[in-house]
Amino acid sequence: MQISSLVLLLAFLTLLAYRFGRGRAVRLVGGPRGVRDLHSLPSYYGALAAVWCAVPSLVILLAWQGFSDRVLTHLTVQSMPASVPALPAAELGLITNDVRNVIRGSVPPASASPEIRAAAATYQSLESAARAGLAVLCTLAAVLGGFVLWRRIAPDLRARNEVERLVMWLLIGCASIAILTTIGIVLSVLYEALRFFGKVPVTDFLFGTHWSPQMALSADQVGSSGAFGAVPLFAGTLLIAIIAMLVAVPIGLFAAIYLAEYADRRFRAVAKPLLETLAGIPTVVYGFFAALTVGPALRDLGQMLGLAVSTESALAAGLVMGIMIIPFISSLADDMITAVPQAMRDGSSALGATRSETIRKVVLPAALPGIVGGVLLGVSRAIGETMIVVMAAGLSANLTANPLQAVTTVTVQIVTLLVGDQEFDSPKTLAAFALGLGLFLTTLLLNIIALKVVRRYREQYE
Amino acid sequence: MSFSNDTTLKLDSRPEVPRTVVANASGEMAAGEEIKTATVGQVTVANPVMSARTVNVHYGEKHAIKDVSIDVANNSVIAFIGPSGCGKSTFLRCLNRMNDTIENARVEGLITLDGNDIYDRRQDVVQLRARVGMVFQKPNPFPKSIYENVAYGPRIHGLVTSRADLDEIVQTSLRKAGLWEEVKDRLDGPGTGLSGGQQQRLCIARAIAVDPEVILMDEPCSALDPIATAKVEDLIDELRENYAIVIVTHNMQQAARVSQRTAYFHLGELIEVGPTDQIFTNPRHRLTEDYITGRFG
Amino acid sequence: MSRSASADEQRRARVAASLKRRYGAERRFRLYGQLAVLVGLGFVALLFVSIFSKGYSAFEQTYVRVDVNYDPEVLDPAGTRKPEDLADGDYGAIVKAALRATAPEVESRAELKQLYALASNSAPRALQARIAADPTLLGRRESVWVLASDHVDQIVKGYIRRDESEESRGVTDLQIKWIDALRAKGALERRFNRQFFSGGDSREPEQAGVAGAVVGSFFTLLVTLLLSFPIGVAAAVYLEEFAPKNRYTDFIEVNINNLAAVPSIVFGLLGLAVFVQFFGLPRSVPLVGGLVLTLMTLPTIIIASRAALKAVPPSIREAALGMGASRVQAIVHHVLPLAMPGMMTGGILGMARALGESAPLLLIGMVAFIVDVPRRLTDPSTVLPVQVYLWARSSERAFVERTSGAIIVLLVFLLVMNGLAVLLRSRFERRW
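Chains as they are written, first to last, in this note's numbering: chain A, 1 to 462; chain B, 1 to 297; chain C, 1 to 432.
Check the hints yourself; a few may be wrong.
[To be verified] Coverage of chain B stretches by chain C, computed from C-beta distances (three or more under 8 Å per stretch; other residues unrestricted):
id, stretch
1, 84-95
2, 122-135
[Said to hold, decoys possible] Between beta-carbon pairs, the in silico distance windows are:
id, chain 1, residue 1, chain 2, residue 2, range
3, C, F251, B, S84, 44 to 50 Å
4, A, I449, C, K157, 48 to 54 Å
5, A, L368, B, A46, 46 to 52 Å
Please keep in mind that the hints were generated in silico from the structure rather than gathered at the bench.
Heads up, the beta-carbon is just placed ideally off N, CA and C, and yes, glycines get one too.
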């Protein structure tokens, strides 16, 4: 039986359970007129029956989806000639891959060896047997679950409360996904990073100034030939982030000041959303813009001035990243500036301050914590931004402070190390996770500080 | 309800009020200046610091102030009273052009400071506000230190050249505001850390640090407790020695306590002006009387 | 003690003396503000102009008209007329013959090679498709418009300048002569580029289209929407309406705010390690991409949904509770419907963000070169922004125009989604 038809069958059974549950509740109190004697509305009894019918079978189904392949593969391998299960994991992986290809039909069966074909046949017969079993099991669970609840239905069964309690657990589960995500990030990144640090010392990674992971080609070269000194990456990331902030902070801040304090309402209504479209443009577009327009333009400009500017330069990437961050800074600064009470401005202008004096000496100092928070969030963004640097900053790990040269960043290296086929135990792959760990921790720290600062600032004027 | 000359007469049933209001106002005029006004009582004074003549204010469609004429005298306190929304604060804000910041506000008529039109093109608003200071309803110290709050005005206007001068101005201003003894040990502490009454006196100190000629106070005690209010009222009385003070207040007892003249506003019109004791003991206009006796407001 | 007139006079003079400097500073400050706004808006304009000016021409493509002779001798030498035999015919020879007819004077092999290079190498397949659709064409002649090769297209569009050297422009002088001759005859023209909207990726620029990426994006977003919206709303309802104020909910709250600011690439690492590596889900498929983007957009949707719930005044809840409704009923019947437009706005904006996201998808392998348009959630595919990335990396010059074209398509989708959000907000916005 196909999984999809099984799901349909289960849906049908669930519907049936709803009808029966509801019907029984109504019948127990002698038809629709007696509904007042029920603890809850009849539909709650139906819903409860439906839940009891659907949930157990769905759990079984999901468990099957998650684990069947592993179990079946294991059984298949066990059924193969005795030498096979004893093979090392890597070779075993190749064999199971061949088997899988035959099953999927992506390799014509004729081209595979007889053993593989036999294994594929075994797998398929096991699978069809297991599927039949699954269908029976699911149906049984659905019917049984529905039946148990059906028996429990009585006028004083607190069906609504039970349904609501289930709903509550569902809601709690959904809310907890945020935590699970964080835990997932921490665990997965940390686990792989620790494996990396088992092969490459932490100090080499943190303080080494030479980065050339490409040299570590295979497992027997571990640690000896590949160089994993991440300092050039940190420096490159920092350089680009600094350039970006040098562009974004003055422009974003002054734009926010002008729009909040000087511009008339009509101009603001047009200019603010226009400026904020910059925030909605996908980063890959900025990357393209940086690589194709800004990079060559800077190179040509450099040639005119007699400077050697490489097409992929920190300046081009940083400049465009700065443009990307402008609306981020400007809308946060705008929020912060408008949050400063009008009374402050009145107090200042009543003393005879000009508008700019009021802004510089009263409004901005008052909004400063909020603005600093916004800038920190902007920095966290600049550090974590990927596409622009992947497309415009380059791959060479230069340790330089010269913005006209190509540099590479943490995110660029994560992408280059992980795109394409990878083995999960080479230090090259694992290095990406170590970089990811560093990236996550840095941005986490920045975010926590920034959010705290901003929150405290907001509370001050609420 | 509109208080043009005619309707005022119809509304006003008291026989001792003269039938023609214009004649009444001009009849009592000291300097022989002809003012067309519906206001009962003496609107003019000798040697006024500021005077307003037939001032009208519109907020978009709303006619907020109607034909108000009044003088502000030197070294005395004038109180603007009246029910909420009567326009007294609006009129106050015209006196140092604080309405400039409100987009659709339009001010017509003549307001002079020392005989110069303050709405004249050549009048600089920064200069004007250095001469006409203002204290607001809610204390609004800047989020800076106490010292910086007071030093702000002298600094921006370039009134001082040395740190010592500035220290002296800060000290005298705080002394005049009666705050020196309370804050002299924590001048570097934040102004927002003071109590409400202290904050308001800090704002007064901040205003007098630039030594203006007129101080406008917009319900300066409405956010304060009775003890703090008493202190600020004492302060206002002392300040009268050096400044002309215009105070808007909701609190009639306060007006009676601190002011020498009182003006009663009603729905954008200036109904009656007179010496404070006369207004409170013997109001001549029925609306004033109703308000004073608590029939509305 | 009274005021001294001379002191007043002196002070006024000082204020007046400061005015010039202060108003100068005021004007400068204001100018900085204006400049900043102008520069910002200038960047917006520059970005759009540079993309659109490079990209609009991708919607047109150069086609060549060839007079083909569906010679049965070549296409079906065995004479069976069976569809599978017809499909095996040598359509390349037919195209070559037709091209030779346009320039009969050409004889040398080298020149012939140049001549054949005028048409895209997809031309034989196009003819094959025509025969498959209508076998009666066999043995007849017809005029067919076939795709020109990308170099021809770039010359016609003017992206390759004629005054460049032969090597750098990739088009020979001879070819340019033929192109001009064909154009003069009306046998070479720019037509609407259907291939761009209906085709999958290709190594040949003239055959490359965005359909595969668009469908991949659609599937990915479908998964994201179906998961993130219900989960996000449920989480928001719990946190806003039911959650007790305790450490656990505080922790969830901090978590959500932080996750919203975590770099997207970190979600890619998570997806790679958990979904691909641990759960063994396939790489490069919209299902996994959707899961990753779900985790990424959830915080945004939760935050927006909570704001929408907060905007519903408590009086509505109290009214429902006062009627004897349970809290769940009060929320399901009254609060949720009122908050729904706000939540949907947040959802659409979250989807727009997910649509433009590429970094995490690179890590889970949605960056492969895939020609076929995906049909299922588990077919390998790519998405629109990643397609942009792939084309941008290509060295073929004609891909610049394609990339810009794909960006325009992406921006149009984003514009529609944002427009929808704005519309929804203005239609249903209520002030309480």
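Comparing the hints with the structure gives:
Using a Cβ-Cβ cut-off of 8 Å, 0 residues of the stretch 84-95 of chain B lie near chain C, which falls short of the minimum of three, so the contact claim is violated. Only residues whose beta carbon comes within less than 8 Å of a beta carbon in chain C count, and the stretch 122-135 of chain B has 5; three or more means the coverage holds. Checked against the given bound of 44 to 50 Å, the beta carbons of F251(C) and S84(B), roughly 47 Å apart, stay inside it. Between I449(A) and K157(C) the beta carbons are some 51 Å apart, a value that agrees with the proposed interval 48 to 54 Å.
Separated by about 50 Å at the C-beta atoms, L368(A) and A46(B) satisfy the suggested range of 46 to 52 Å.
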